[in-house]
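K.L.:
Here is how the chains run, residue by residue.
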Amino acid sequence: MTTIASESQTRPVPRNYPDTGNRWQTVLLEVIKYAVLIPLTLSFAFPLYWMISSALKVDPQVYTMPPILLPFPIHPQNFIEGWQILPFTQYAVNSVVFYTVPAVAFTVLSSTIVAYGFSRIRWPGRDTIFWLVVMTMMLPWAVTMVPLFITFKWLGWLDTYRPLVVPALFSHPYIVFLLRQFFMTLPEELSDAARIDGASEFGILFRIILPLTKPALAVVALFRFLWAWNDYLGPLIYLRDENRYPLALGIEQLSRRANDVGNFSNGIPYLMAVSTLVALPIIVTFFFAQRTFIEGISLTGMKG
Amino acid sequence: MAASTEKVSRYTPQEWRNLRLGLLFVSPWALGFLLFTIYPLLSSLYYSLTRYDLLRPPVFLGAKNYLTLFFDDPHFWNVMYNTLFYVGLSVPFGVGAAFIIANMLNSKIVARSFFRSVIYVPSIVPAVASAMVWQFLMNVQYGAINGVLRYFGLPIIPFLSNPGWAKPSLILVAIWAQGAAVVIFLAALQDVPRSLYEAATVDGANLWHKFRNVTIPLTSPIILFNLIMGLIVAFQEFTVPWLLTEGGPMNSTEFYLIHLYRNAFEYLRMGKASALAWILFLIIVVFSLIIFKSSARWVYYGGEK
Numbered sequence: 001m002t003t004i005a006s007e008s009q010t011r012p013v014p015r016n017y018p019d020t021g022n023r024w025q026t027v028l029l030e031v032i033k034y035a036v037l038i039p040l041t042l043s044f045a046f047p048l049y050w051m052i053s054s055a056l057k058v059d060p061q062v063y064t065m066p067p068i069l070l071p072f073p074i075h076p077q078n079f080i081e082g083w084q085i086l087p088f089t090q091y092a093v094n095s096v097v098f099y100t101v102p103a104v105a106f107t108v109l110s111s112t113i114v115a116y117g118f119s120r121i122r123w124p125g126r127d128t129i130f131w132l133v134v135m136t137m138m139l140p141w142a143v144t145m146v147p148l149f150i151t152f153k154w155l156g157w158l159d160t161y162r163p164l165v166v167p168a169l170f171s172h173p174y175i176v177f178l179l180r181q182f183f184m185t186l187p188e189e190l191s192d193a194a195r196i197d198g199a200s201e202f203g204i205l206f207r208i209i210l211p212l213t214k215p216a217l218a219v220v221a222l223f224r225f226l227w228a229w230n231d232y233l234g235p236l237i238y239l240r241d242e243n244r245y246p247l248a249l250g251i252e253q254l255s256r257r258a259n260d261v262g263n264f265s266n267g268i269p270y271l272m273a274v275s276t277l278v279a280l281p282i283i284v285t286f287f288f289a290q291r292t293f294i295e296g297i298s299l300t301g302m303k304g
Numbered sequence: 001m002a003a004s005t006e007k008v009s010r011y012t013p014q015e016w017r018n019l020r021l022g023l024l025f026v027s028p029w030a031l032g033f034l035l036f037t038i039y040p041l042l043s044s045l046y047y048s049l050t051r052y053d054l055l056r057p058p059v060f061l062g063a064k065n066y067l068t069l070f071f072d073d074p075h076f077w078n079v080m081y082n083t084l085f086y087v088g089l090s091v092p093f094g095v096g097a098a099f100i101i102a103n104m105l106n107s108k109i110v111a112r113s114f115f116r117s118v119i120y121v122p123s124i125v126p127a128v129a130s131a132m133v134w135q136f137l138m139n140v141q142y143g144a145i146n147g148v149l150r151y152f153g154l155p156i157i158p159f160l161s162n163p164g165w166a167k168p169s170l171i172l173v174a175i176w177a178q179g180a181a182v183v184i185f186l187a188a189l190q191d192v193p194r195s196l197y198e199a200a201t202v203d204g205a206n207l208w209h210k211f212r213n214v215t216i217p218l219t220s221p222i223i224l225f226n227l228i229m230g231l232i233v234a235f236q237e238f239t240v241p242w243l244l245t246e247g248g249p250m251n252s253t254e255f256y257l258i259h260l261y262r263n264a265f266e267y268l269r270m271g272k273a274s275a276l277a278w279i280l281f282l283i284i285v286v287f288s289l290i291i292f293k294s295s296a297r298w299v300y301y302g303g304e305k
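From first to last, the protein sequence lines are chains A and B. Those letters in the first sequence? Residues 1 to 304, by UniProt numbering. Those letters in the second sequence? Residues 1 to 305, by UniProt numbering.
No wet-lab data here; the hints were simulated from the structure. None of the hints are false.
Distance condition first, Cα-Cα at most 20 Å in a straight line; then the derived EDC-like pairs of lysine to aspartate or glutamate:
#1 B:K210 x A:E30
#2 B:K108 x A:E30
#3 B:K108 x B:E198
#4 A:K214 x A:E295
#5 A:K153 x A:E242
#6 B:K167 x B:E254
#7 B:K108 x B:D191
#8 A:K153 x A:D241
#9 B:K64 x B:D53
#10 B:K210 x B:E198
#11 A:K153 x B:D53
#12 A:K153 x B:E266
Hey, can you work out the whole structure from these sequences and the hints?
P.N.:
Right under this line is the structure:
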């Protein structure tokens, strides 16, 4: 052991490509790495670049072959004109007020309370029951789709956002799982000290635990926002009245109109402009909360 | 602090209090579990044994829905083939690609977080928006990809209009949206202790040995996780194929959930749709179990949990 240790001390090892015994091999690997990574990254970025750049073109430019990489002159008015073909402002209000905001608020509140019960209180059978939560994380949603539709129809909830939002009051297994992971990292003494001072469990949760787990709350709120904002199948099943559509269904509606030949010109630029506007809140949020996103998604895999 | 960790048959008053409190806190979940998981599971099992169109009360048929699907419905086997084709290629290739990309990003690299962001963003953009741009990109007449191919005098590719090309095209879109798996892998790779690589170097291991004997074993639990999650998602893929091909051309992309959706919400065959849902449920369970069972041989759980 000692000889090995001293050997590695005398012969400094490069940080990331530990000595392969061959300098040329290392250089070659570097070259290959970037030769793969750069085109790969460009092709990952291209579709979104194409969406934004096509949003700035008008009809003949969109169909020009070979494709125009940099649109000139640009037509930013597409964003306004495309938005006005269908009542997109109404769709945006629906997406935000009736779906995203209540879904995030309900899920985060209920899941926080549930995760607390699964992590900060020690009760017999807790970890066994928590297994059920983990199991439901893996339950295919297709299985409950039909009977839930029948139930919500029976309740008279079709054509409302209730089927999409009310279940959020009962917590979400995946978010409970993530929050529990965070809560478990806090030392037990923290709660014990507060209990000795006579604090109630709700008091401990809201006054001690939550202020310490703000980043965790940001992560799960962000995820829930993403799911609600991007959801397509849920609204497709439950909403019929076009005035209640969220943005996702609005885009589909616009694409049907644009595909009907002769309906209006600039169909593709308008479609790309509206798609860009709907994707924009997600992309902007990502760039402002990049660390939160990456940390959150990294934690997902911690299950092991 | 009370010493109540020994095995006792009766709970102490403190434990009773904790039990009541614990149940109180998890009661929203428990209620939701009964209402939105257990009840739908059981009722869909019942509906799967009936004919039910929402207008008239369900008619009990026994196993007829299942028997018809298996023995008297060529369409079902086509859907099954399409789905297995899609899952069988998109999951291994998706997870494999994500793992390789993550490994490249894990080495010393300029602007790592830039590369990571570019690869991650497609996985969070609304599927409807990305479906629109892919439909445009893959168009035969005015899509950019075929535009470039034509410019170089190469044959065009009927991505979405040819039954042979449609499934691979959708798999391509799925792999493009694999960024979350890349980020998960990257986090796992950064947790592999450097000292192991250094020890391997001292022992004369080359890069391949290190990849094979250090990287893969230490990240194998995450590979398992991504495989299972990828499987569950891929079996239930709906939005992108529904918007890009609507199951066509010639039913070549009629995947399981599209078929289920049509039966339930277009033809109002709630009984048949429930039978389809239960078959899918069992298929996913069987596949997951096979992977879990096999994982005993290839997943390495180190000393720390």
